[in-house]
Amino acid sequence: MEKQETIVPVLAGIIENADGRILLTRRKPHLSNAGKWEFPGGKLRPGEQPPACLQRELREELGIDVRVNDPFEIVNFTYDRGHILLIAYRCQYRGGTIRMVDHDRYEWVRPEDLLKYDLSAADIPIAQKLVAIHTGR
Numbered sequence: 001m002e003k004q005e006t007i008v009p010v011l012a013g014i015i016e017n018a019d020g021r022i023l024l025t026r027r028k029p030h031l032s033n034a035g036k037w038e039f040p041g042g043k044l045r046p047g048e049q050p051p052a053c054l055q056r057e058l059r060e061e062l063g064i065d066v067r068v069n070d071p072f073e074i075v076n077f078t079y080d081r082g083h084i085l086l087i088a089y090r091c092q093y094r095g096g097t098i099r100m101v102d103h104d105r106y107e108w109v110r111p112e113d114l115l116k117y118d119l120s121a122a123d124i125p126i127a128q129k130l131v132a133i134h135t136g137r
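Going letter by letter, the sequence shown gives residues 1 to 137 in the working numbering.
Since the hints were made in silico from the structure, they are not lab data. Some hints here could point you the wrong way.
Beta-carbon label-pair distances, calculated as ranges [claimed, not checked]: (1) Leu85 with Glu60: 18 to 24 Å; (2) His134 with Ile74: 17 to 23 Å; (3) Ile133 with Lys28: 26 to 32 Å; (4) Ala132 with Asn76: 26 to 32 Å; (5) Thr6 with Thr135: 14 to 20 Å.
Idealized CB from N, CA, C, for every residue including glycine.
When you get a sec, could you build the whole thing from the sequences and use the hints?
Next up, the structure:
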């Protein structure tokens with residue numbers, strides 16, 4: 001019998017500040033996707049609701065509070081280490097001083113500049129869609 005692949009549900013926040021810039025964070029060198037920029041978030045725990053999960057992850061990893069809005073994009077992606085289902089939500093930054101746990105840098109980026117960063121592969125389709133919306137292309 002063939003072993004069934006486990007799909008890990010992961011949530012990402014497209015966090016927008018009052019200036020319309022979007023938060024990108026860069027993974028620390030010792031972690032998976034080291035040095036890659038991403039929309040921050042984390043794994044969905046069994047029984048956890050996605051908005052609550054995203055709020056928890058962003059508080060734990062970055063020390064920030066967000067309002068989670070509607071889902072924006074879903075990406076199925078297979079890395080060497082496994083398969084993820086990445087669900088990206090639009091979010092509004094509500095406050096908190098950003099601190100680094102799994103990341104070593106962060107930047108507030110204009111939407112049209114997102115693809116200038118070395119993004120994690122699963123995050124690229126999300127960035128492409130955001131750029132298309134903001135540039136009309």
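Quiz item: If you check each hint against the structure, which ones fail?
Solution: Violated hints: 4 and 5; rest satisfied.
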